[in-house]
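J.: Go ahead and model the full structure; you've got the sequences and the hints to work with.
Residue numbers (our numbering), protein chains in the order written: chain U, 1 to 350; chain Y, 1 to 284.
Be aware that a few hints might be false.
Claimed, not checked - Covered stretches of chain U, as calculated for chain Y (at least 3 residues, CB under 8 Å):
#1 54-65
#2 97-105
#3 171-179
Unchecked claim - Far from chain U, some chain Y residues (derived; all Cβ distances over 12 Å):
#4 Ala118
#5 Asn119
#6 Leu188
#7 Leu200
#8 Ala214
As the list claims (entries may be wrong) - Short derived list, chain Y residues pointing at chain U, Cβ under 10 Å:
#9 Asp80
#10 Glu140
#11 Tyr184
#12 Thr233
#13 Arg239
#14 Arg242
No lab work stands behind these hints, which were simulated from the structure alone. Bear in mind the structure is a predicted one, so any value in this text is a computation, not a measurement. Note that CB positions come from ideal geometry on N, CA and C, so glycine has one too.
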Amino acid sequence: MSDDIPLNDPLQLQSKLARTLRRARELQPVSVGSTPARDLPHPGTATLYRYGSAEGVPLLIIYSLVNRPYILDLSCERSVIGALVRGGITVYLLDWGYPGPMDRFQRLDDYIEDEIDCAVDSITARHATERVSILGVCQGGTLAICYAALRAERVRNLITLATPVDFQTPQDTLYRIVRHVNIERLTQALGNVPAIGLNALFTGLKPFQLLCRRYLTLAELDADDQALQAFLRLEQWMYDSPDQAGVAFVQFVRDFYQANGLVAGSLQLCGENVNPIRFTGPLFNVYATADHLVPPAAAKALANLTGSLAYREAELPGGHLGLFISRHAHRRLYPTLVEWLHQCSEPVLR
Amino acid sequence: MIQQDSANHSRPEWTQGLLYDLLAGQRALAILLAAGWSVLTAPARDSETNTVLDAQLNQVLAQLREEIARSVEFVNFLLDLARQPLPIDRLAQPFSANFAHFPMHLYPNLGPLQKQQANLEALQRTLDGYQTAALRYTQELSELFEAVLSEYRQELADGVPSESTARSTRELYDHWLEVAERTYERFLRSETYPQAISDLLNAWTDLRLALQPALDELLSYLGLPTQRALEDTQRHLDRLRRQQRADTRRLQREVTALRNELAALRDAAPGPPTTTRSDKDDRS
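T.: Here you go:
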């Protein structure tokens, strides 16, 4: 690309950038969510969606609370959900929505007992089965591990994608920043934690890449509407973040980051100690080698904590988002996960 | 420092909110990058020697220093406001000689406004704390910028990227970003930089909490709900939700138990099992 922009002609770059920006404006708003979904009755505050036929192998996706789950279905070309559905999986997704002021006292225990457990009830009833497979993504993976530890008898298989387990590894920049923050007082002042603050925190981890390099590459999308749309979809997703329910956020920062409860064995949820060793079913742990949010060591720590008798691990090159949208992940990872799920799942009785 | 004018207070134009001020560091980072880019992409490149580039980078640094200095203005402005003498102080001036040895912060809280006095004192303390934390953070940022520029200069002087490999402004800029990112990550992994961010956030929290009583008093005076009122409502709603969920779970357990009981009775009963319409409805 640099050959196209000679040293003494920055005007050419400016002109290309201006053209792309104009075109981007024309293309907005972009559509997100490419796979047809059906929302199912669910008693909690979240929404339970089903993708694909009701006859496939059921899989519940638990996504992070800090972002929106449509990164898993951003476009037809790079849809995790689409890939799973095509592989004969019936995908259920718990969408946490956007917590409002009245959700301020929602706890992590509520997310587990009233949302995840109810979703599992609903899926097991529909598929006439006792147990359901769960795929947890990032922070959602941490919640999935907790659920599998607390309700091991209800989880058939567990897949964790970019999931932090050890929150105090030396490479964990987020931990370095939040370890001295008085999180109780912060939420006392704010109520819910505003998304704009969290976005500032995440952007602040890679400001040069996310604020400079990223927008300069726009000029390279000058004549490629498809690539520009993909850029705009990701851009929309990155900053379409929900506020965080105050109490649940305090629990997550205090018990996971500051106390490293899963590793220390001190984590208490739903009135019980959370011990990942209780889940003994098949477990597939996937992480990215250059993930700046969940360093590989943070995810790999699961191997030493789980009681899984069939633990499997996969390492993918690239960063955090690459696990969901990279060509490599869609070519290699998701076909493998589909095959693994079929191998590890009991026959559907219906 | 902003000069106060009683007729027309000159407020910095960016005093829209404390949160905005908290993000001043990021803003300064963005300005650094934009400025760096403008230096590298300046149309006049005739005398593009290392010396010229060095001078331009110095200019960027100077602009940056100015920007960082401005980021402290807002804090100073608030602090000045809090320290403005009240008219009552001027009236009491003749008596002040007697109390010269008795500093203001040692006065006890007396009279009908003692609560407000205590709140104001707390506000002043937290403002001091916030200013200290903000200064420390901006010092960290200054050190970061110095380190980035110093490393970049050094690498250019060492010929990385060399004139033959640096074929475009874009490559020079990319290299600048690489150096900046590498240095920034080193700072993020240090002890002091994350500590400065945490301290700033904690100080901001204290300040925000210290402002709340005054804000609540005003809201109450205007007949509007205070934070306390909102929090009470949130707690009440949360209790109701929990109660409702517990009731739902209890009812579900009862229904399941009844179904099981019914099924057991059917199994125990002689003759073929019958299915009623209501059973079907229940299962659906």
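J.: Please flag the earlier hints that this structure goes against, numbers listed from lowest up.
T.: 1, 6, 7, 9 and 10
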